[in-house]
Every structure is written in structure tokens, then in C-alpha cells.
Amino acid sequence: MDLDTAKLAVDYILSTPDLFTEEEVGWAFIGGEPLLEIDLIDQICDYIKIEMFRLNHRWFNSYLISISTNGINYSDKKVQNFIEKNKKHLSIGITIDGTEKKHDLNRVYKFTEKGSYKDVVKNIPLWQEQFPDSSTKVTVSSDDIPYIKESVIHIFELGINSIYINVVFENVWKDGDDIIFEQQLTDLADYIIDNNLYYTKTCSFFDEKIGKPLNNDHNNNWCGSGRMLSIDAAGNFYPCTRFAQYSLRDKETWIIGNVKDGIDKNKLRPFLTLDRTTQSPEECIKCEVASGCAWCQGENFDAAETHTVFQRATAICKMHKARVRANNYYWNKLYRKLELEDLREQYEANKREVKPEIC
Amino acid sequence: MLQYLVILLDDTSVAYCHADNPLKERNLMPIETLKKGILFGMKQNLMIQYVFPNYALPEEYASVIESIDNVKIYPVGCKPVTGIESENEADVEVANSIPEKVETKNLVLRLTFCEMLIQKDEIAKLFANGRRVNLCITDVEKFTDEQIDAYRQVLDEWSKALLELYKQGQSPQFNLLTDRMMLEKMHNCEAGISNITLAPNGKFYLCPAFYYDERMQVFNQMNHHKPSSDTSVGDLEKGLDIHNLQLLQLDHAPLCRKCDAYHCRRCVWLNRKMTWDINTPSRQQCVMAHLERNASRCLLNDIRNIGEFMPNIEIKEINYLDPFEVRKEF
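One line per chain: the protein sequences are B and E, in this order.
Residues 1 to 359 (this note's numbering) are what the first sequence spells out, left to right.
Residues 1001 to 1330 (this note's numbering) are what the second sequence spells out, left to right.
Watch out, some of these pointers could steer you wrong.
[What the hints assert, rightly or not] Sample of chain B residues facing chain E (criterion: CB under 7 Å; computed from the structure):
(1) Thr-273
(2) Arg-276
(3) Thr-277
[To be verified] Once the Cα atoms are required to be at most 25 Å apart in a straight line, the calculated BS3-like pairs of lysine-lysine come out as:
(4) E/Lys-1273 - B/Lys-260
(5) B/Lys-265 - E/Lys-1328
(6) B/Lys-251 - E/Lys-1273
(7) E/Lys-1258 - B/Lys-286
(8) E/Lys-1258 - B/Lys-265
(9) B/Lys-265 - E/Lys-1142
(10) E/Lys-1142 - B/Lys-260
(11) E/Lys-1167 - E/Lys-1120
(12) B/Lys-337 - B/Lys-212
(13) B/Lys-265 - E/Lys-1273
(14) B/Lys-137 - B/Lys-110
(15) B/Lys-209 - B/Lys-137
(16) E/Lys-1203 - B/Lys-251
(17) B/Lys-110 - B/Lys-77
I should point out that these hints are in silico values taken from the structure, not numbers from a laboratory.
Glycine included, every Cβ here is placed at the ideal spot set by N, Cα and C.
Starting from the given sequences, assemble the full structure and let the hints guide the process.
Written as C-alpha cells, this is what we have:
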């Protein structure tokens, strides 16, 4: 993206209050690897701040800049200058896949094919010093399942206390994946409980609220697409990045506008009227363990039989059910232990909340 | 439940709804296809609605066409000759301008919004004589909020004309204003639900507009993962195959299922074209339908000042034109 395109996007967003009605705003930069373009991000952020000030915009002091990075360049001087300059309104997330072996399976340098684990991990202490409550996000696909337990433990050992982790929504799951997944989570539950990590660590796979039936009053859409404007390098607008062509397998892109023409509000209407029951098949509506079962609107669209965002993809069904079984095991085991130690009340009064994994 | 089978006898069969027919070359449905279509309709217990082009069909088609009870939709002034001269009260004439003469009890008048405004007085003159007038705006997608007042005003003028006819003891029928007064629940186009269209190529489509799109290679993905202009939903050999059929139903249309603009066409083709999702109406469709709804409410109240009229119908006063604006409460 060039700076002029970014400026046009900022101008449009700041001058269209009827579409952007929230009291606060998040300006998120994702890549590729965004820290490679820290100069551009810095210029864009300066422009955002100047314009918010010039317009006396309500977001002037109610904004957050967030960056999701692979962490390799985190300690670079330019990046550190940017952090220092914006630290009151900045959130940076570093993605670590798990152990060195697991991380370097997928994350290698382009030409040398050398794994990046060591270059990332050396920056973790600085990151944690600057963002003490930082968490990391992990996405699990079929090949990752055998490494879940060791990866989560490893991330905990790096000093990261919160891990937001989910399985991919795409239909990648093989026969038996759910069994291995359940075993991995059960083993992880044992480790967390046996080592008393539950006071200080959270792994979002374990959440008391999941695995319950939902009645029709629980009708919100899971996904935030349509409520978070995404902009590509050319200045096209999307309901979320999953609707950009590079993210779609089978469908044509769903562009809702661009920086010059603005948003075609009609193209947003389906997203802003989505609810759980309309897009879910009967099997999901009647599901006994429905709560916490997530979906991605982009994957729903990509996998749908017709051109719609109203057909829920259910490829993760067996994985969700496996997670629920392991989750039930976790909480039953944990509470029994706490009851026997007469610590349940104390734990419940102080327990760390797991935020839902809504993108 | 399917009730009607619309048979496009030719590629140039008259367009009778929102979508213009862009096909200019004649392509008559093969008579064997027609026979199979009629057989399909008979076995599915469907009422056949033939859509005619503006030219006379070959003689051998007449007996086939009349082999089953039917309704004919044809261009004004081009009454089909099929050997059965008795008038079917359900037959429909279609005009793209104010017609000089209308033979049937049902007229579909297709105009752009601007044409409608310019010819509003001529349109009002069509309300009399017990004829049903269906006015169909052919450029809904171009309607803007700046035209709301103009539409409100013309609806008001037509309401006054209709009220005069009621005062004279007539019962005029004009889709935009009198239908809502008679309805206690949604009564929409229901393409794919209550009716399905058979095209000259022997394939089924939700409505003729989807066939036009396919022929014009307008991008669509009715049944396919890969980009394709194929919009068909089955054929005479394999039968109907409507994917995501539930999305055509009212209970799967979040904006529509609680709406009380009961007369709205809920055009799924316009939905697909303008919002890209078949169950979601555009602002244009919603606002126009609500202007009509509100005008119907006023007309209903005015008629009741003359005497008792549709006592079971209540049209509430509302403060929005687009349900999307109040969707959280909706």
C-alpha cells in the first residue's frame, strides 16, 4: 500500500461518521509481515493522529494501533522508536507456533530456509517487558495436532501467560484427528492441573462456557466480519481480509467499496443482518454442545454451495465436540482437585477470564 | 410449496417484472421441451403460466399450449392465437409504456422511476374499469434517498385517485397501494418457492431474470463453487436442484421475516444483484416498499372514513423506511 492510498482510506473513515459509529477505533496493521514496513506504518499513524486532532474527532484519544508480527524485527531501532512514540495507544502481538521444532516447520526464511524460532524468541523478553500482559495466538491445523500439548507448555515456559488458540475452520480434518486432538487436550489438562498452572496461565481451549446447548435467544453472529473494515494495498474495502481474493479458494472476492468511491452500503447489509440461527443447519441449532462452536464468515462464504454468507460451514464439528469432551474433563478434574483442597471458592473468586476467540 | 410453472416460450418472451429481457434473437422452445415441461407441471400439480414473445408461434404449438389449463402473459397488443378465444381472467398483458388499449383484466406496466413520475396522471387513469394494474419499476437499483419525497408525493396523488374510485363504489386494484390493504401476512414473489421458471433450453431458473443473466454471462454462482454464469436450478431430465433453498424462504431472511410491508415483491434477483446475497434486500427495495406501505396505511384510513373496509387489517404507524435502520429492535 502506498501512503496516498492509506491517506484516502483514513480520510474516508474519519469523514463518514454515519458508518463508523463506535466510540473507539482500532487501527490494525497486518502483513505479510507489517514490521518490514514500519516507516510506512509510522507515516500512516502520524497522519491518523494529525487528522483526528485536526477534525477534533471523538477517536482522538480513543484509539488503539495494533500490529500482529512474526517478531523477527521486533528489536530493530526503527520498530523500537515506533513503540516508544506510540506506546500509550499500541498493542503488538507476536506469533509463536510452539516449540522450536514445531515453529520452524512452517516459519522459515525465504531464501535460506533457516527456521526463525531463535530470532523470534530472543525478542520475547523485550516484548513482555514492553507489553506485560501480552498473549499469543496459535492456529491449529491437522498436521499440528500431535504438537499441541508440548507447544502450549513451551509457550507458557517462555513466560506468555495467555494463549488464544483455535483450530482452522477449513475442511482439512482427517479421520481420527478428533481423537488425537481430544487426547492432546486431555494430556494438556493434566499438565496444567497437576502443575498448578491454572492460577496464572490460560489456554483458550479450556473455557467453562463452551459445550452447552443454545436456545434461539442466543442468536448473535460469531464472526465480526462486516464490522471491521479491511483495506488492501490497492485501496479496496472488504468486510474482512478473508474476503480478499488471496484468501479465497473457490469464490470471487467480495469487495464492498474502495477508498475513492467509499462503501456500497448494500454490500454490507448481509453481514450486518447475519445471525446464528439463519445461517446454521438444523444439526447446529439442535446441537447439545453448541456454545463455543465458532465459525468464520469468510470460510462459510468460500465453502457455501451458493453465493451467500448465510450457509455455515461445519467442517470443525467433530473437532469442537472433541474439544468439549476434553474441556469437560479439565473442569471436572480441576474443580474436584480444588474442592478436595478446599480452594474452589478462592479460585473462582480470582480466576482469569478467557475471552472468546472472536476475530 | 411450488404452485406455478412459468414457461418462457422464447428467448424474446416478454419481460414482466423488474428485469429487462436483454435477449433480442428469437429462440423458440422446442416443442418436445414444451411437452416435457407441461408434463412436469402436470405431475407436480403446477399451474402453467406461459410467457409469450411478440410474434405468432408456429401453428403446431397451439394445441400443445392448450393441452393444459394455463395463464398467458404476453406483450400488450399481441394476444396469442391458440384456438381458444374465451378470455381467461387471469391472463396478463405487459406494457413498457402507457398502452392505448388493454384487453385483459390484468396489466403489468413496466416503467423506469422517471417514466413513472412523468406519466403518473396517465397511470392513474388506468385504475378504473375493474382492471388490476401492476406497476413494476425497472430501475429500482437507481432509486436514491433524494427521490423519497417524489415517490411519496406520487403515491399520495394515486391514493387520492383510488379513493375517488372507492367513493364511486369501485374496487380498484393497484399493486403498490391496494395490495397491502388486503394482506395479513407476506405475499411476495416467492421465486423458487411457489413458482419456478422453465427456459427454452429445458433448464429451470428461479425466475426469468436469472436466465437472462446466464445468457448474458452475468457472473453468478447459484450452484457452483467455481465462477460461472450458470444460474440454473435443475433441468427437465433431472428435476429441480435448488441449493440453499432455505435462503429463499421468509424465515431465513432476517430483514424480511418481521417486516410488515407484506406486498413487497422481495425480489431475490434484485437481492442477489444489489446486496450479493439472495435473502437480503437492498435499501432501495426496502425504502420503496415502505413508502408504499405507509401510503397504503393512509389510503386505508381514508377509505374507512367512507365506510367499513377490511376491518381485520391493521397497518401500524412506524417511524422508519428501512428495517435495516432498526434491525436491533426488529
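Structure-based check of each hint:
1. A cut of 7 Å between beta carbons decides the hint on B/Thr-273: the least distance to chain E is about 4 Å, and the hint holds.
2. For B/Arg-276, the interface hint is violated, since its Cβ never comes within 7 Å of a Cβ in chain E; the closest pair sits about 11 Å apart.
3. Proximity of B/Thr-277 to chain E is violated relative to the hint, the smallest CB-CB distance being about 9 Å (cut-off 7 Å).
4. The straight-line distance between the Cα atoms of E/Lys-1273 and B/Lys-260 is roughly 22 Å, inside the 25 Å bound, and the hint therefore holds.
5. Straight-line distance between C-alpha atoms of B/Lys-265 and E/Lys-1328 comes to about 17 Å, which keeps the hinted pair within the 25 Å bound.
6. Our distance criterion of 25 Å between C-alpha atoms is met by B/Lys-251 and E/Lys-1273, whose separation comes to about 16 Å.
7. Proposed proximity of E/Lys-1258 and B/Lys-286 is supported: the alpha carbons are some 23 Å apart, at most 25 Å.
8. Taking the CA atoms of E/Lys-1258 and B/Lys-265, the gap is near 21 Å; set against the 25 Å cutoff, the hint holds.
9. Only pairs whose Cα atoms come within 25 Å are accepted, and B/Lys-265 paired with E/Lys-1142 is accepted, the gap being roughly 14 Å.
10. Between E/Lys-1142 and B/Lys-260 the alpha-carbon distance is near 20 Å, which keeps this suggested pair within the 25 Å criterion.
11. Straight-line distance between C-alpha atoms of E/Lys-1167 and E/Lys-1120 comes to about 21 Å, which keeps the hinted pair within the 25 Å bound.
12. Between B/Lys-337 and B/Lys-212 the CA atoms are separated by roughly 23 Å; this keeps the pair inside 25 Å, and the hint holds.
13. Distance hint between B/Lys-265 and E/Lys-1273 is fulfilled; the C-alpha atoms sit about 13 Å from each other, no more than 25 Å.
14. For the hint linking B/Lys-137 to B/Lys-110, the alpha-carbon distance of about 23 Å falls within 25 Å, and the restraint holds.
15. The hinted pair formed by B/Lys-209 and B/Lys-137 meets the criterion: a straight-line CA distance of about 20 Å does not exceed 25 Å.
16. Pair hint E/Lys-1203 plus B/Lys-251 holds up; C-alpha atoms about 24 Å apart against a cutoff of 25 Å.
17. The straight-line distance between the Cα atoms of B/Lys-110 and B/Lys-77 is roughly 23 Å, inside the 25 Å bound, and the hint therefore holds.
Of the numbered hints stated above, those contradicted by the structure are hints 2, 3, listed in ascending order.
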